[in-house]
Amino acid sequence: MAWTREQMAQRAARELQDGFYVNLGIGIPTLVSNYIPDGMEIMFQSENGMLGMGPFPYEGEEDPDLINAGKQTVTELPTTSYFSNSDSFGMIRGGHINLSILGAMQVAQNGDLANWMIPGKMVKGMGGAMDLVAGVKKVIVVMEHTAKGDPKLLKSCNLPLTGKGVVDMVITDMAVFRFDKSGDTTVMKLIELADGVTLDEVKSSTEAEFETHL
Amino acid sequence: MAWTREQMAQRAARELQDGFYVNLGIGIPTLVSNYIPDGMEIMFQSENGMLGMGPFPYEGEEDPDLINAGKQTVTELPTTSYFSNSDSFGMIRGGHINLSILGAMQVAQNGDLANWMIPGKMVKGMGGAMDLVAGVKKVIVVMEHTAKGDPKLLKSCNLPLTGKGVVDMVITDMAVFRFDKSGDTTVMKLIELADGVTLDEVKSSTEAEFETHL
Amino acid sequence: MSDRKIYPNAKAALDGILKDNMTLMSGGFGLCGIPETLIDAVKDSGITGLTVISNNAGVDGIGLGVLLESKQISTMISSYVGENKLFAEQFLNGDLEVVFTPQGTLAEQIRAGGAGIPAFFTKTGVGTLVAEGKEVRNFDGEDYVMERGLVADVSLVHAYMADKEGNLVFRKTARNFNPMMATAGKITVAEVEHLVEPGEIDPDHIIVPGIYVQRIVHVPNPVKHIEKRTTRPRN
Amino acid sequence: MSDRKIYPNAKAALDGILKDNMTLMSGGFGLCGIPETLIDAVKDSGITGLTVISNNAGVDGIGLGVLLESKQISTMISSYVGENKLFAEQFLNGDLEVVFTPQGTLAEQIRAGGAGIPAFFTKTGVGTLVAEGKEVRNFDGEDYVMERGLVADVSLVHAYMADKEGNLVFRKTARNFNPMMATAGKITVAEVEHLVEPGEIDPDHIIVPGIYVQRIVHVPNPVKHIEKRTTRPRN
Chain A
2 MAWTREQMAQ RAARELQDGF YVNLGIGIPT LVSNYIPDGM EIMFQSENGM LGMGPFPYEG
62 EEDPDLINAG KQTVTELPTT SYFSNSDSFG MIRGGHINLS ILGAMQVAQN GDLANWMIPG
122 KMVKGMGGAM DLVAGVKKVI VVMEHTAKGD PKLLKSCNLP LTGKGVVDMV ITDMAVFRFD
182 KSGDTTVMKL IELADGVTLD EVKSSTEAEF ETHL
Chain B
2 MAWTREQMAQ RAARELQDGF YVNLGIGIPT LVSNYIPDGM EIMFQSENGM LGMGPFPYEG
62 EEDPDLINAG KQTVTELPTT SYFSNSDSFG MIRGGHINLS ILGAMQVAQN GDLANWMIPG
122 KMVKGMGGAM DLVAGVKKVI VVMEHTAKGD PKLLKSCNLP LTGKGVVDMV ITDMAVFRFD
182 KSGDTTVMKL IELADGVTLD EVKSSTEAEF ETHL
Chain C
432 MSDRKIYPNA KAALDGILKD NMTLMSGGFG LCGIPETLID AVKDSGITGL TVISNNAGVD
492 GIGLGVLLES KQISTMISSY VGENKLFAEQ FLNGDLEVVF TPQGTLAEQI RAGGAGIPAF
552 FTKTGVGTLV AEGKEVRNFD GEDYVMERGL VADVSLVHAY MADKEGNLVF RKTARNFNPM
612 MATAGKITVA EVEHLVEPGE IDPDHIIVPG IYVQRIVHVP NPVKHIEKRT TRPRN
Chain D
432 MSDRKIYPNA KAALDGILKD NMTLMSGGFG LCGIPETLID AVKDSGITGL TVISNNAGVD
492 GIGLGVLLES KQISTMISSY VGENKLFAEQ FLNGDLEVVF TPQGTLAEQI RAGGAGIPAF
552 FTKTGVGTLV AEGKEVRNFD GEDYVMERGL VADVSLVHAY MADKEGNLVF RKTARNFNPM
612 MATAGKITVA EVEHLVEPGE IDPDHIIVPG IYVQRIVHVP NPVKHIEKRT TRPRN
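Chains as they are written, first to last, in this note's numbering: chain A, 2 to 215; chain B, 2 to 215; chain C, 432 to 666; chain D, 432 to 666.
Isolated chain A (complex conformation) (with noise of 0.2 Å):
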């Protein structure tokens, strides 16, 4: 009784506004693209040096030079713009992106986000992530509320931070959350409950301490 991944990315969704920018993480964000309202000119940008992405190609129309920030195949459409890594993120880092929509492994109450390493294990390396949740406008985290039942919205990260106090909204499967910054203080704010979920279940998965406001 809690929201789909295509209910969650329906709901980041409502997010959108006519003419944004958008750039997308891996993962359910990228399911987004899918429930773009109708009449809505939205552009996805693609980290890795391309502006008005469109979807994947036909098979047979894979083309390797055109791919997304996941190694993706993708396709051009007529306003699609190419560009160097370099202007990429100086187009991220300097605030030109409306919206961020990624993933999160923790999400601490004051917007703190990790979402890059796991110390001990193998990693990765954090990719576009630290520039997008630095420069981007407004950042949401679209997430599971827990990983294996234990809370990842948090008191506070105890894993390597991606970005401090960067995180604007969450949604999760069972609730929206706000994080409202005014001057050092942030104050997050349950906003929404998913269809179907108490409040006593978002408290009693959710170790972060929040604000009702629904």
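Heads up, a few of these hints could be off.
Short derived list, chain B residues pointing at chain C, Cβ under 10 Å [what the hints assert, rightly or not]: (1) P56; (2) F84; (3) G104.
Don't read these hints as lab results, they were simulated from the structure. Where is the CB? At the ideal position from N, CA and C, for every residue including glycine.
The hints should help you fit chains B, C and D onto chain A, whose structure is shown.
Using the frame of chain A, we list chains B, C and D on its own:
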């Protein structure tokens, strides 16, 4: 009984090497492009965003979108590329240009150069000169030996500097000097006299202290 | 593709985004690639106290020269302003403040501002007036001066062609400062000689992606000025 | 135009410029736009102790994966190396040092190295492991970490087309890290799919001017690998 402007440019052209990328300042330095030795390939950079600069256009073929750093109409060559000013000065500051030939108001025996400003008079600005002298591998100054009889090669510059210790060679109408740097010390060496000019004449027209290596 | 970014004329393209004492960037090098139509519309708006970031200041009666004439500019950040007589007069009698900046440093400051780099080090200007009051630091045995990134409230640029998404291309040396300035304006307004549908420009040839361009005005067949007409004889 | 920059094959193009313990930059993102022919020639050279700056490390048996297999690399400076099993093994048993760098910081470090910028500030990584031991400074109320520019003894890049002057163009997302790396190598070697005469590429479309390219090898019809073949059904 000294070198003409054309002869000074000719002498400067002897410093060219095959395959060099060169930036020429306005005035006498511009004339250097008339004396490229036969069979030598030289590419001229214009700091407003062009590499591979061609000669002035034929009358009637001027293109307002195609000018050099002196705002003069020029032409394109088969090797030409265009780029932005930031890319152009990345090229200059990054040490990719082999040679910069430019004019000067004053040069000091330690290689200091002043060529952009006379306090109390109207100031036009330094343009790209400070970047060129700081970034280009070899800097050659081509100038008259004196200004209204006053030496321009000084113990130290009294005009505001364009760059500190940046000059590698000075070619005047009377002589050629090399600036040898080792560690923190620079030695100014007279290495050539212009046709019909004597060492005594050079000495009496030069305030800077120099060694003679003729 | 909607026409959301397209404005019918320069006045409309600047409507609601101009105010006194704002910072403007203006593209171009000399009179080459300047957003002349937009500059004229700034003049007509009557706003004053402008800080203008531009490599040059136009000439008397053309480009930024018209905003000097109308005394709408209080500060210029430029590398070279030698071609403008009014400029000299206003500068010498103190009506105009000028921050002289080496051309490469200026270009890099604008590029940095657009790319989220608040400061960087360069060897340009070390030991000169330009470095006074700034941090100088030694890296690997050489001294460098720290320079700050620059941004603007509004950037005005001139492009050869745009599609309706705002993807821009430039022609020859009219590119100059326009691409970086497009990235460094909180709002960027582009005047373009040719306006086409998305897909008409090869995406490998686009110099400025449309994300940087908020407003577009089509200015077909603009008058282009030549500052120094130099030619060679046909033998 | 002479053929001075043209070499008959990858081995010849690398002749005399490779040595043990040198720093190499290698373009590409994943397996897209990698200088695979040049990497294979580095393998054949047998040099060891390499520091390699590259966003990724290839996959087992392809690209930089072959230099990991042959244990020629001692240090990688990369943002993401997840696709390579050998990598994991060598990293965990200490044979390989890895400097993990955020992708945007890495791209900017390379661009800075080529452009004569020894250091710059970025907000990426502030408050994380990446900022440890580095200067953090507040500009206008926000914290930034100082990062250094990067250069290489030799840069290896892949381009779609070059003219004989070394002017380069790239195709779609195969551009990625190649342009900046071309500027940051003391010597840059480009493998190119198409080699043409000067003048055949529109000078407004050139991405890397030839000044940055010292050696060119023509590699027609290279095998291009797809890491993750994703498709959609035709309705």
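Quick rundown of the hints versus the structure:
{"no.": "1", "hint": "P56", "in the structure": "holds (6 Å)"}
{"no.": "2", "hint": "F84", "in the structure": "holds (7 Å)"}
{"no.": "3", "hint": "G104", "in the structure": "violated (14 Å)"}
Checked against the numbered hints above, the structure breaks only hint 3 and satisfies the rest.
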